[in-house]
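Novice: Order-wise, the sequence lines are chains A and B. In short: position in the first sequence from 1, add 55, done, that's the numbering used here. In short: position in the second sequence from 1, add 11, done, that's the numbering used here.
Calculated directly from the structure, the hints in this document are not laboratory data. For each residue, glycine too, the CB sits at the ideal point set by N, CA and C. Some hints here could point you the wrong way.
Quick partial rundown of chain B residues pointing at chain A, CB under 7 Å, derived from the structure [what the hints assert, rightly or not]:
#, residue
1, A25
2, G306
3, V393
Taking lysine-lysine and the DSSO-like style, the derived pairs with C-alpha atoms no more than 27 Å apart in a straight line are [said to hold, decoys possible]:
#, chain 1, residue 1, chain 2, residue 2
4, B, K397, A, K70
5, A, K87, B, K397
6, B, K397, A, K118
7, A, K132, B, K397
8, B, K397, A, K127
9, B, K56, B, K255
10, B, K169, B, K101
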Amino acid sequence: MKAFDTGRRQVNVLKDISFHVEKGEIIALKGKSGSGKTTLLNCCCGLESPDSGKVVCSGIDLKALTAKQLSKLLRTKTGFVFQQGNLLSYLTVSENISFPLHLNNETSARIKLRVSELLSIIGMKDAQNALPSELSGGETLRVAVARALSHKPEMLFADEPTASLDTATGKSVLSLIRDLSRMQKSTVVFSTHDPELLSMADLVFELKDGELSY
Amino acid sequence: MGLLFFYSFRNLLARKLTTFLTAAGMSLVVFVFASIVMLAEGLEKTLVDTGTYDNVVVIRRSAVSEVQSGIERQQASIVETSPQIAIGNKGRALLAKELVVLITLEKKESNTAANVTIRGISENSLILRPQVKLISGRMPRPGTSEIAVGTSIVKGFKDIGIGQPLSFGMRSWRVVGIFDAGNTGYSSEIWGDVEQFMPAFRRPVYSSVLFRLRKSSEFATFKNNIENDPRLTVEAKRETQYYKEQSEMMAQFLRVLGETLTLVFSIGAIVGAMITMYSAVANRTGEIGTLRALGFNRGTILLAFLMESLLLGLIGGIVGLILGSFMQFITVSTTNFQTFSELSFNFTITFEIIYKSLLFSIIMGFVGGILPAFRASRMNVVEALKEN
Numbered sequence: 056m057k058a059f060d061t062g063r064r065q066v067n068v069l070k071d072i073s074f075h076v077e078k079g080e081i082i083a084l085k086g087k088s089g090s091g092k093t094t095l096l097n098c099c100c101g102l103e104s105p106d107s108g109k110v111v112c113s114g115i116d117l118k119a120l121t122a123k124q125l126s127k128l129l130r131t132k133t134g135f136v137f138q139q140g141n142l143l144s145y146l147t148v149s150e151n152i153s154f155p156l157h158l159n160n161e162t163s164a165r166i167k168l169r170v171s172e173l174l175s176i177i178g179m180k181d182a183q184n185a186l187p188s189e190l191s192g193g194e195t196l197r198v199a200v201a202r203a204l205s206h207k208p209e210m211l212f213a214d215e216p217t218a219s220l221d222t223a224t225g226k227s228v229l230s231l232i233r234d235l236s237r238m239q240k241s242t243v244v245f246s247t248h249d250p251e252l253l254s255m256a257d258l259v260f261e262l263k264d265g266e267l268s269y
Numbered sequence: 012m013g014l015l016f017f018y019s020f021r022n023l024l025a026r027k028l029t030t031f032l033t034a035a036g037m038s039l040v041v042f043v044f045a046s047i048v049m050l051a052e053g054l055e056k057t058l059v060d061t062g063t064y065d066n067v068v069v070i071r072r073s074a075v076s077e078v079q080s081g082i083e084r085q086q087a088s089i090v091e092t093s094p095q096i097a098i099g100n101k102g103r104a105l106l107a108k109e110l111v112v113l114i115t116l117e118k119k120e121s122n123t124a125a126n127v128t129i130r131g132i133s134e135n136s137l138i139l140r141p142q143v144k145l146i147s148g149r150m151p152r153p154g155t156s157e158i159a160v161g162t163s164i165v166k167g168f169k170d171i172g173i174g175q176p177l178s179f180g181m182r183s184w185r186v187v188g189i190f191d192a193g194n195t196g197y198s199s200e201i202w203g204d205v206e207q208f209m210p211a212f213r214r215p216v217y218s219s220v221l222f223r224l225r226k227s228s229e230f231a232t233f234k235n236n237i238e239n240d241p242r243l244t245v246e247a248k249r250e251t252q253y254y255k256e257q258s259e260m261m262a263q264f265l266r267v268l269g270e271t272l273t274l275v276f277s278i279g280a281i282v283g284a285m286i287t288m289y290s291a292v293a294n295r296t297g298e299i300g301t302l303r304a305l306g307f308n309r310g311t312i313l314l315a316f317l318m319e320s321l322l323l324g325l326i327g328g329i330v331g332l333i334l335g336s337f338m339q340f341i342t343v344s345t346t347n348f349q350t351f352s353e354l355s356f357n358f359t360i361t362f363e364i365i366y367k368s369l370l371f372s373i374i375m376g377f378v379g380g381i382l383p384a385f386r387a388s389r390m391n392v393v394e395a396l397k398e399n
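Isolated chain B (complex conformation):
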């Protein structure tokens, strides 16, 4: 096996230009494949990381997201009395009743309007989201027209910074703080006092109730209680599950897009590899005869040419992945179809993407190489020797 690997590798080195061109074709396909899967992964990770496992989101039954949800004050108060809710520092339930609405703001780069999530927060909103860190200024005070903005909003939208006014909900608001929530969806939000946002947007109901469980294991009990309470028309989800569902549709769309594009491109790359390998077989007919005379059997010849093709695929895969890994430095901002809000996220590479990309590149090498390798192995040794 070592000899075969050595032989195949040296052959590829001997044909630098064709090796480079074929591997480059394969690497581009792997790059496209890896990039789109990384995009879907980044989206999913951003939304899943947005949630905390022990937090529970309560929204209106059948509502897909907070934007579509509505929970009356009275219903929110009933939820608030549940014994499964953790108690905060001041002896009050660790719970936040929130409002989520969308507004449009002008983007910096494209000058086009994009949806931005406005979250009306209450006293415990920040405590319930430890991933949110205030990096500049302060949080908005209750009862004022103050707002805090996420870092992605500052980066992506025009005229947003501390002290600057922002008009929406028929009022003028002043930015008093900037918060960073890392690679989570909160970085793409604007926060202000829920009791100020509700009249401004003429929304008499909350969108959601978020709380921390007293014990993680009590989720099922809580869910069962509130979903069977005749006074309530709500459903409860762990926050992680809620955000995972938010990303499902778009992540699925990206994956299908990626797989379709990759399939089309891979046909080209496979044909390229096949042409390279067929020409390698044609150019090395005499050598194949020599190898057979030296004691290579048909199977070894097949393996040798197949290994060459697999190596081509592997080189293409590694280069494509290296190129793809640079995409991690790029932040993408797009509208999440499910929430209709703007969301910033990074391309994310995972071990699964690495092994799937490499496996895919090896499969391309295999499909491109198997027929030429088979042809090489079936050559008549004496006829092949005459080619010398």
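This is chain A alone, in the form it adopts within the complex:
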């Protein structure tokens, strides 16, 4: 359960939610704006803590983790794709992709190899030295996906990754997420309110009035 105090009243965003995701599955969370998709994703990856109940990822109860352990979990076992990509504006495409690898103290040689591989997969080898400000919305999201999956996380969370894109570009970004995650057997949970993208998921959950339906 997760509630927010708006000052005048308490809003119960998530109520009695329980679900289980198998390794390698792709889950879509659909729901209207304000239905609590982002809050649920944040709770799933540990960015937010539920008021009651627990979240278990790869056998680890997130609530039992210290802040340091949670940061370690975030940088080693999870990846996050934000709605706008959230690339670090002063780093180049390559540097953005390699950022989580540096965080995980990978060797230079392995970083170089992995970045090169991902640049080929997302088709942006020519733009490896470009800054985020020089990229289109679709390109930004592709780089964000590459960054989120660069360290081969067990779980990938994507909060409406296609919201700022047209349907075709959105589809291509989601295809990229699906292909890459399948390649490295990562579990994916993404939120969307675009019905056309739901077909890419193995399972679709709907959030309505704070409750989850299958």
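Mind docking chain B on chain A? Use the hints.
Specialist: Relative to chain A, chain B alone:
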């Protein structure tokens, strides 16, 4: 750590204008700090270099400088008989009985009068000071009204050159030589025969007796002997120690002045750095959220912002030191409060000044950055992400 450094450095590069302005503020503070400490160091070095370790200066007990000292001829003769004095080439004691008085001369640039040290020398005065080199003309001959002047006197005062007359002590003197003593106090002196200066200035006593020790280790014995001799009211100091004491008061004054000015300026620079870092945190709230989601913990965020601020301080420190190092090319001429004489000296940079300036700039960066960094580290990650 490498990633943090890289991240912080790139952030500073991305905000060139604010980085430049903040670092410029810090560099000015470091420049002021380094310059004033360099000035004090230059003064101290000039006076300490003036002395030679194996030389001993004998002055009247309790006199602070040669100017205030007086040693009667009879007392000087007693000192001269001490066995610890080295023997010179002609089989005579390597010793010089000297007179030091002050006169005023008109300065070239400001047209104002300034005190100049007149030193009455004897046969061994030049031998006892190997750092003094005659660069033009010759040394004054004994028994004549001839004088030699230091290079700083030629540069800083009006109408002084070889062959030119100079009036003081109710007599006219002729410049016959110019000597250079490098960055030492002697370059700011005028030398002539002591036996001519004594009647001219109506001073029947010497100011000091300078001699070379036969063995450096015999200083303590000599000092003990003459300071306990009931016929004498003198004290002995190694020449280096004597000149070090001459610079103490003014060097201390300069250091206190430097530290006070720096303290005041540094408050401004720290506030500047703090504003820069607070605005950096405010502008990058979303980015902080992203970094946290990518796996940066609170401590790493704190370190990242602190490193940025430390880098700002370091850049400011390096630039300030580079600017300050150019001051070495400037020669300052001022009155030494302790001797009341004009003294020329250069700004001098030392390793200690370099590391203290850099440390000071890093401390400014730290103080300016710690609160904004702490604020960045305490941000709620979800709230921060909403800023995107």
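Novice: Give a verdict on every hint.
Specialist: Here's how the hints hold up against the structure:
For A25 (chain B), the suggested interface contact is upheld, since its CB lies about 4 Å from the closest CB of chain A, less than 7 Å. Taking 7 Å as the C-beta contact cut-off toward chain A, the hint placing G306 (chain B) at the interface holds, the least distance being around 2 Å. This hint holds: V393 (chain B) has a C-beta 5 Å from the nearest C-beta of chain A, less than the 7 Å allowed. Our distance criterion of 27 Å between C-alpha atoms is met by K397 (chain B) and K70 (chain A), whose separation comes to about 23 Å.
Note on K87 (chain A) and K397 (chain B): the hinted pairing holds, with a Cα-Cα distance of about 18 Å set against a maximum of 27 Å. Under the criterion of a C-alpha separation no larger than 27 Å, the hint pairing K397 (chain B) with K118 (chain A) is consistent with the structure, at around 23 Å. Between the alpha carbons of K132 (chain A) and K397 (chain B) the distance comes to roughly 23 Å, so the proposed pair stays at or under 27 Å and holds. Restraint check: the Cα-Cα separation between K397 (chain B) and K127 (chain A) comes to about 22 Å, which is no more than 27 Å; the hinted pair holds.
For a cut-off of 27 Å, the pair hint linking K56 (chain B) to K255 (chain B) stands: about 8 Å separates their Cα positions. Taking the CA atoms of K169 (chain B) and K101 (chain B), the gap is near 39 Å; set against the 27 Å cutoff, the hint is violated.
Going through the hint list in order, the structure does not satisfy hint 10, though it satisfies all others.
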